Structures are given as C-alpha cells and as structure tokens.
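Colleague: Next come the chains, spelled out residue by residue.
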Amino acid sequence: MRWFFTKLFRHRAAFAGLVIIVLFVLAAIFAPLVSPHSPIEQYRYFNRLPPSLELRQPPVNPDGTPLTHPVTGEEVQPQRFLMGTDIHGRDVLSRVIYGAQVSLLVGIVATLIALTIGIVIGSLAGYFGGWMDNVLMRLTDTFFAFPSILLAIVILATFTKPGLWAVFLALGLTGWTGIARVIRGQILSLKEHEFVEAARSIGCSHARIIIRHLLPNCLAPIIVLGTLAVAENILSEAGLSFLGLGIQPPTASWGNMLAESRGLLKEMPWWSIFPGAALALTVLGFNLFGDGLRDILDPRMKIRR
Amino acid sequence: MLYFLIKRVLSAIPVLLGITIITFTVIHLAPGDPVQVRMGQKYDPEVAQRLRTEMGLDKPLPVQYAIFLGDLVRGDLGYSFVKNLPVNELLRGKFGNTLYLSISAMLLAVLMGMLLGILAAIRPQSALDYAVMVFAVAGVSIPVFWLGLMLQLLFGVQLGWFPVTGMTEYGATLAENLTHLVLPAVTLATVPMAIIARITRSSMLEVMEQDYIRTARAKGLGQRTVLLRHALKNALIPIITVIGNMFALLLTGAVLTETVFSWPGLGRAMVDAITQRDFPVILGGVTLFAVTFVIVNLIVDSIYAWIDPRIRYT
Amino acid sequence: MKYFTIIIAAAALLALSGCPKPAGQAPEAKGPLPVKPLQEKVYRFPLPADPPTLDPMHITDTVSDTVARRLFNGLVRFSPSLEIVPDLAENWVISEDGLTYKFFLRKGAKFHNGVEVTAGDFLYSFTRILDAAAAARNEDVPSERAQMLFDVAGAQALFEGQAENVAGLSAPDDQTFIIKLKENFAPFLSVLCMSNFVVVPRDAVEQDWKGFAQHPIGTGPFVFDRWEHDNEIVLKANRNYWEKEVKLDVLVFKVMPDENTRYQAFLNGDIDHTDIPFGKMADVNANASLKPMVQGVTAMDMYCYGFNCEKPPFDNKLVRLAFNHAVDKEAIIKNILEGRGEVQKTYFPPGSFYFKADSEGYPYDPAKAKAYLEQAGYPDGNGLSEVTLSIDTQQLSRQIAAMVQEDLRQIGVKVSIEQSDWSTFLARVYAGELTFHQNTWLADYPDPDNWLYVLLESTQAGAPGNITRFSHTQFDQLVRKARKTVDEAERIRLYGKAEDIALAAAPWLLVYWRKNLTLVQPYVKGLEITAMDRTPQLNNSRMEDVYLER
Chain A
1 MRWFFTKLFR HRAAFAGLVI IVLFVLAAIF APLVSPHSPI EQYRYFNRLP PSLELRQPPV
61 NPDGTPLTHP VTGEEVQPQR FLMGTDIHGR DVLSRVIYGA QVSLLVGIVA TLIALTIGIV
121 IGSLAGYFGG WMDNVLMRLT DTFFAFPSIL LAIVILATFT KPGLWAVFLA LGLTGWTGIA
181 RVIRGQILSL KEHEFVEAAR SIGCSHARII IRHLLPNCLA PIIVLGTLAV AENILSEAGL
241 SFLGLGIQPP TASWGNMLAE SRGLLKEMPW WSIFPGAALA LTVLGFNLFG DGLRDILDPR
301 MKIRR
Chain B
306 MLYFLIKRVL SAIPVLLGIT IITFTVIHLA PGDPVQVRMG QKYDPEVAQR LRTEMGLDKP
366 LPVQYAIFLG DLVRGDLGYS FVKNLPVNEL LRGKFGNTLY LSISAMLLAV LMGMLLGILA
426 AIRPQSALDY AVMVFAVAGV SIPVFWLGLM LQLLFGVQLG WFPVTGMTEY GATLAENLTH
486 LVLPAVTLAT VPMAIIARIT RSSMLEVMEQ DYIRTARAKG LGQRTVLLRH ALKNALIPII
546 TVIGNMFALL LTGAVLTETV FSWPGLGRAM VDAITQRDFP VILGGVTLFA VTFVIVNLIV
606 DSIYAWIDPR IRYT
Chain C
620 MKYFTIIIAA AALLALSGCP KPAGQAPEAK GPLPVKPLQE KVYRFPLPAD PPTLDPMHIT
680 DTVSDTVARR LFNGLVRFSP SLEIVPDLAE NWVISEDGLT YKFFLRKGAK FHNGVEVTAG
740 DFLYSFTRIL DAAAAARNED VPSERAQMLF DVAGAQALFE GQAENVAGLS APDDQTFIIK
800 LKENFAPFLS VLCMSNFVVV PRDAVEQDWK GFAQHPIGTG PFVFDRWEHD NEIVLKANRN
860 YWEKEVKLDV LVFKVMPDEN TRYQAFLNGD IDHTDIPFGK MADVNANASL KPMVQGVTAM
920 DMYCYGFNCE KPPFDNKLVR LAFNHAVDKE AIIKNILEGR GEVQKTYFPP GSFYFKADSE
980 GYPYDPAKAK AYLEQAGYPD GNGLSEVTLS IDTQQLSRQI AAMVQEDLRQ IGVKVSIEQS
1040 DWSTFLARVY AGELTFHQNT WLADYPDPDN WLYVLLESTQ AGAPGNITRF SHTQFDQLVR
1100 KARKTVDEAE RIRLYGKAED IALAAAPWLL VYWRKNLTLV QPYVKGLEIT AMDRTPQLNN
1160 SRMEDVYLER
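Chains as they are written, first to last, in the working numbering: chain A, 1 to 305; chain B, 306 to 619; chain C, 620 to 1169.
Simulated from the structure, these hints should not be mistaken for lab results. As the structure is a computational prediction, the values presented were derived from the model and not from experiment. C-beta atoms are modelled at their ideal positions from N, C-alpha and C, and glycine is treated no differently. No false leads were mixed into what you were given.
Residues from chain B that face chain A, not an exhaustive set, calculated with beta carbons under 7 Å:
#  : residue
1  : 323
2  : 324
3  : 331
4  : 442
5  : 446
6  : 447
7  : 448
8  : 451
9  : 458
10 : 556
11 : 557
12 : 560
13 : 575
14 : 579
15 : 595
Where chain B lies over chain A, by a calculated footprint (3+ residues, C-beta under 8 Å):
#  : region
16 : 138-148
17 : 232-239
18 : 259-266
19 : 270-284
Each computed DSS-like pair below joins lysine-lysine, with the alpha-carbon atoms no more than 25 Å apart:
#  : chain 1 : residue 1 : chain 2 : residue 2
20 : C       : 953       : A       : 266
21 : C       : 729       : C       : 829
22 : C       : 975       : C       : 1103
23 : B       : 364       : C       : 829
24 : B       : 524       : B       : 538
25 : C       : 1103      : C       : 799
26 : C       : 987       : C       : 930
27 : C       : 910       : A       : 266
Please take these sequences and the hints and turn them into a complete structure.
Modeller: Listed below in structure tokens is the structure:
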C-alpha cells in the first residue's frame, strides 16, 4: 500500500488528477456550505449580470425610493455574484458548485452500474467459456456496435418522466462493453493458473472461485477502467443534457447550463465559460488519474479499450 | 483468406440481428404513440384507428418485427410514420452526409494523429512530445459539443473565416461548399485524433525498443528507412485495432457535432426520429449504422490478416 | 517536473478553449447588409424543417402549409386583413337556412400541367379527403383532416365505408360546385380557406396518388420544380397564373432547422427574411440598420398553460384564479421574449371580427393571488401538495416555466417542472393524466369557433381539443348556438357572454400571444405578414405579390 502511495506521489500527472478530483468531490459534498447563494433562487432584479468582485446595487424605483419585493414587501438587498448571473438571475458560481454534485453523482453511479454488468458478463464468459462465452461475447459485440449516445437516447425515451435514475440506467447500460471484454481477458488468462484447479479440487463452487479468487486479481484493471469510465460518463451526461434529454433545469447540471446558454454565447459568455471549464477540468482530472493509475499499477498490462 | 472473410461475415449476422431486436424492443417499450404525434392536437379516434391500421401498428409485436426483417432482406427499410416517404429515400441523403463528414474527420484524425504520434515517438521527452501528450489527454477531456461551439464562435463569428452552419449553399461553388466542412470535421476529428496520436506514440515507442530495430540501425540503415519500413509496419496493428473500434465513437460524436453545426446528417435525424417515435426511421437508421459498422470491422480485420498472416488461421 | 509542465499546458489549453472573445462588441452587422449579387428575381425563403408532405390532404403543420399555399388554390381564401375573399370561386351563394353553399368557379384557370380546372376536380378533391377506402387502395393513410368535413351531409358515411360517395357534394356543371351541410356551421367558409381544401388534378393524382406528395401539381402562383429533402424546395413562377402576374421568377425554400443559422444567413444576405432567435432581440433593436427591417404583428397564436379542471386542486376555480394572478406576465415578455409577445387578457385573440378589447385579463397581483389561495382553503399554500408543470422540450418553454415556477413559489405553491417530448406529452394530455401543462394553439381559421368551441366546449373534452376538460353548461350553450348562428352581430354577443364565463372560471393560466416579428431584407417589397402567420413560415403571406427591388 505504501508502495502505491509513494509511486502515486511521484507520478505528477496522476497526482494532479487526484487533486482535481478531490477538490470537486469536496465542493460537491460541501456545496451547501461553500456556495454563496442557493442554486435555484432567481434574483429577478439582478439578472444577466457579468461576473464581478463587487457588491451590486439593485435598481431603484423611478421616484428614487428603494425597490421592494412585490410579494414579501421587503427591500431588495445588494448582492455579490462572483461568476455573474444567468437569464433568470441565478448565481452561476453556486450553480457550478451544485452542478458538481450532479455530474459526479451521475458519473459514479452510472459507472458502478456499468462495472457491475461488465464484470458479471465478463467473468461468466471468461470462466465458463464454450457456448456461454460465444453468446455473451456476441451480446457484447452487439451493444458495442451501437453508437452509445443513440442507445442512451432510446433508453431514456422509455421513461415517461426522465429523472436521475433514467440517466443512470441509460449511461450504465451503454458503457459496460469495454469492461466486459477486459475482465473476460483477465479471467481467461488467470483461469489457467494452478490455484484455480486446486480450488476446484477441494470443492469450491464456481461462484466462490470467481468472486473470492479470480476477481480480486483483476482489481487493478477494474479500478483503472472504472476511473476512466467516470470521465466518460460525465461527458456523456453533459452531451445528453445538451441535447435536452438529461437532467432538467432548474436543477443545476453543467450540461444543461451549456445547453441553456447556447443561444446567448456572445451576449453572456460567462454563463457557458464557467460550467464548460468545470466540466473539462473534472473530466481531465479523472482521465489523468486513471492514466496515472494504469502506469503505476502495471504499465505492461494491456488495458486498452 | 476468403474462408476467413466468410467466417467473419457469418459471425456478424447475429450481431446485426441483435441490434435490430434490441432497438425494436426498446422503442416499443417507450411510451408515446406515433399516431398521436402525427395527428397533433386535432386528434380523432376514428381517423386514428384507420391510421394505426395503415401504419401496421395494430399487429402483434413479433409479427411487426418479422415484417420488418422480411422487408429488410429485400432492401426495403419501410415507410416513415412522420414524413410520408420511404425510409430509404429519406435516409439515403442524410446517411451520405454523415459519411461525408465522418470519413473526412476520420481521414484527418488518422493522418494528423499518426503524424503527431510518430513525431512524438521519434523525439521522446522533447517539447513536441509533451505537447502531443498534453493534446492526447486534453483531446479526450473536452466535450465535443463544447469544442464545436467554441470553434463556431472563434472562427466563424469573430474571425469570419468559415461558415458556421449547414452543409451547402444554394448556387455555391464546390470550393465554397468545402469550407462548410472544415469546422465540423475538425470538431469531430479531435477526440479520435487524440486517441490515435497517443496509441501511435506508445506503439511506436514500444516497437522502437525492440531488438530488430537496433539491428537495423546497426546495419547502418538511415533513420527514415528504419522508421518507415520496420518500425511503423509493426506498430500498425494496435493502431488499426483502435481505428476499427473508433467507428461507434465517431458516430456518437457525429450526433452532437451535427446538432451544433446543423449538419443535415443521420445522427441528428435519428435524434428527431426518436423524439417523434418514427419507428421505421429509427430501425432503418440503426440498421444502417450497424451494417456500416460491420463492414468497417470486416475491412479492419482484412487489413490485419493481410499484414499478419498468422491471424488468418484463428 | 515534466508532468507538471503537461498539467499546466493542459490547463492552459482548456482555459483558452473555454474563452470566447469578450462580449460587448458591436453586433455582427455593421452598416448596410451585404447584398449578394445572386439571380435577380429569386426569393430565398427559410423553412424551420423539411415538410413532411406536400399532399394537401395530409397537411397538418405550418411548414408544409406554407409551401403548399404557393402551389394550390381553393374555393376561397383570406385577404391579408383576414376577410374571406374569392379564390377559384368567383362568387358564392349561401341558402337561407345556411345549409347549402353554391360556388361559381371562374373560367379558364389551369393546372400546372395545362388541364383546365372544373367543378368535377373540386368534387374529386373533397371526396378524396373523405374516401378512406381509396386511400387504402393506394397504400396511403386516410386524411388527418377528414373530420373537419364531417358536417357535410353524407361525409361520415363515405369515410366509414358505408357509401360510395358523399351525398352532400355535387358538381352539376363544370363551373358550379355545391356543398350541403347536415347542420348549420357558421365558420364553414373560414374552414374552406385552409390549405387542405384546395383543388388537385384528378388525373395526375389517380396516376400516382402517393407520389403526388413529392411532386405536387396545383393551380397556384408557383410551379413545383424539385425537392431535395432536408435541403431545399425549388418552385418556379407560374407564367400562366389565372389571377395575376407573378413578379418573382424563382422561389427557393431553404430548410434551415437552426434559428441561429437562419439569423446568420440573413445577416450574410443568403436568405430574404428570418425570425429572430432567442436572445438576439436586444442586438436587433440596438442596431440602427436592422431595427427598421423588423415586421410583424401579434398573431392568433397562443402560449399559455392549461389546468385539468377535473382533477384537484384545479377543480377549484379559486385555485386557478390564484395562479393566474400570481404570475408576472409582463416580466416574462420582457425577460424571456424580449418583447416578442403581448400579454394575453382574453381567451380569444385579436384579429377576427370578434375581440373582447376591454378585458383586463388577470393582472399581476400577488396579494390577490394569496387571498384567492386562502379562500380556497390553502392559506400561504399550506395543504397544497406539489404541482407538476408539464411542458415540451423547447428552450423557450423551459425558460418561461422557470419564471412561472418562481412566481408561484412566492405565493407558497411548490411547482416542479417536467419536460417531455411531444409524443409522450400528447399521450398523457389526452389520457387526462396531467394536471398543469403547456397549452398552445395556432388558429386554423380566424373564427372564435376555432378557439372557444374547439378548446373549451365540454363535448370536445380530451383528445379532440378541450384538453383542460373545462365544462360549463351555459358556456356550452352559448358557443353551440354561436356556431350555428349566421348573423355576425348576434355571434359577437354570444361569444362575449361566453368569454365572460371563461374569464370568471379561469380554465387556463393566460400568458401571451405570440408576435411574429420577422426581419425582412430592405429590398423585399410587397410582403405582408398577417395575424395567422408563424415566423419564419409566413403561411398566409402572399408571395405572388412580393417583388425584389434593389
């Protein structure tokens, strides 16, 4: 373990990636504490404002008296918006922070689903071989041949009210093929080792062998693939939201912020720069970390997609 | 060789069937009635029933699938629910447009990617090497549609060098039409280019460490000969694997790129068809994709078998 | 060390990639727009989608409609001020009891293939819409508009296959066409102006029924030349047009689904008019050369929300009234629409012979809204469970819904927004599942019947049109009577009373009437945008009057 962490620290890219990931994860977990405003509150009198470090003053009534809120009757207070506001007067910074929650959640859960499916199919195919291998690999090929985004869209279309779980499933069901192939490869080569024969001879069930003996030896590729898959799923979620099919506003997601700001790219660039940068940075972080892990754990391991 | 190819084709058929079955099942699971979409808000149950019969929607599902397969074998992809056109006619042009874009992007990605990868591998640890490695990671981290929007903004709107959307202009010359291709092709090519650059680089590095390269150098062969004749050919196999697998990725990217650039291609048409529950178009489009995918893989496999005769016997 | 450099470089690359040039620059067009020296008399007309069909019997959308209008003529049509004027029927006589319409066709009008138009062709065209069996024989689906002719005597019988032809339609001689209704229907002439009820050449259609949708032949001011799907449709001027000389030579419809593409193309001089994309209105208004190019009027095109009047809590009209007063409609028009709308204060839009101009609608009054809510038994929203607002996937719909949601939150009502694609949306609306949802409508014909009857009469509940399932006996009586009354003044009176009932009962949350603001190139003359138009389709504008003057 110590060996691992030393190597990790020395590999600058992976370390940087990890730092980025941790930053965003912390931001996501502590969002309510860290973000200056609520992500969905609309400051009607402060909409379409560019970023600024200063406190902004609300407009005043024509006769010079301070503006009061039409419903509560209270005076409208000056506010600060470090990354500006969007068309409804929502704070971009807060939405970017809360957006991390959505992106990370989707990335991780979808990856877990994909990993589960991939590991099950890969192990069954690799371990049992024969017709099961054939059938499962054909199945894998079939899913692999699909452009993932189209399959995801079709799956999403089966839900009347697409919500978080719909997105999890749609992304999870499309991303497992690479994992299945790699696991199968690993199991195939591991299965020839003597300890498997030994385990069989003392009466271990197939399931036990796979779970207790074979899979733990596959941990390295699983972790690497998993990390890289998170990056990919975060990007896919953004793509789906961009097409209008993923997480819906007013919930803040980086993808739907990019979709909403698309028509106003020139007029309100801050509305797309910040979520775009956050998205790219997070994905970069996972990619760097995943690649670094691959280098550290076994550079010779053919964990290619 | 021929036997090898035939075997490959045969094993591709279940994949094709699988894809169509999955698509068919999933779209019928989806709520939403194509007849209602077609009639809009002037719905009349009586007329709807007639429409349903005509569109073949009142038959049981397996029968509908069988009809689809039967038509498919004859090359008939059915009739669109929404557009009153045979699917063949509807998709033919769009499929061509997507191919036009995808092939251009692929060529760009392969040529530039390999070039960058080779250059980086020749001079490891140099500034160029770092730049390529940066590009390799950054390229797969940027969202495709985001890149498209930025390119549109910079080169299209601000600088005005290239048109921003669409594929052709009424009455424009061929050269003018080609300018429409630039931005979308660059956008679409970026991710594959990054992947190819990276795999070329690592594959070349690995090969160049081999003994036979040292032998070639020791023999006094020039750098160029060593590179091209020996190293590259052997490095090609993983590269080609990656290129073959890239096809599905390319189509995914095409959907988003076509949306951003309003390119009249199959990707966008599919998104629309799914929203409109235009079953025949969805099935037809997916089948087209799948067939192309199989053909591309066949070509890739053939190239393999040609390069490395050992493979022919597996 | 080396990896560190990589990180910095990667971050810099990404940051640069995320950095568009700063805003606040001059809008894209500076000074007079470039005029491409293309062919002189070619009009380039943008279409937001590829038309599904050009066969009049299947047209249900505005895109097909606008192209078809250039190719076909019917018995009557609308003038730009939406009065009914002769088209191929020179004049007509309506019997005293209002049941028989006798049309006298002009002589000498020809189809694009040279054949002269007779009443027999009209008989064929109308019968074709009702002849479901003929459609089936030709591997086509029945017309989606068949039910609009069900008031004609014997129409339903043919549609259901119980008769050989339509008893109420006849063509006693080449110039006379007679339609007999089975009961009085005041707006019938308006309905006949729709592009479904035009004349098609019998021989050409019989030769190739299905292909007609791809190669239409009509009598209109333009002749079909070619159609490249998803790219363009080219029409050439009909030099033998019966009505007048067409000033243009070629009319090219360019399919451009993206609004920003259209806008950019307009600024480049590649198309001759365009709608104004979301967010660009400010640019246009600030630009001294663009601003005068804007044309358009408030259209008979509504965007509002509907309540399911059968389901709680919206079965209580106090709740509906509360919602109506809670929403700041002016703010929506200013912020999201940037002025491209007019606050909706009535249930029927201006543009027809009837309009309740003095209505106040439901002014923004949160205090009143709260009071209504309390009266209804939900003080400050307590006791009211979360409401789901269902809308379509358009960007605009989403933004409007966000503001409505916030307004309602201010009075204590929690609203969650749900977007679904059109087909799912329709299915659920018709099934009565949704309680609070988007409700849009564009006039088929500019008659209050198309609104107040079709959308609010109780027998139309559900799929036919009354998706809010509003039901009020007196309202029903009034609109049913107005449907059959021929006297316009009497109809005005009846509809006025009916609308009063609707305003008091608030089955909808009124939001806005769309303004079809369009940018038109300065060299385009003779283009008139009517209240029945959507932009950029401009279905009811008369392209035969348009000419280009550079």
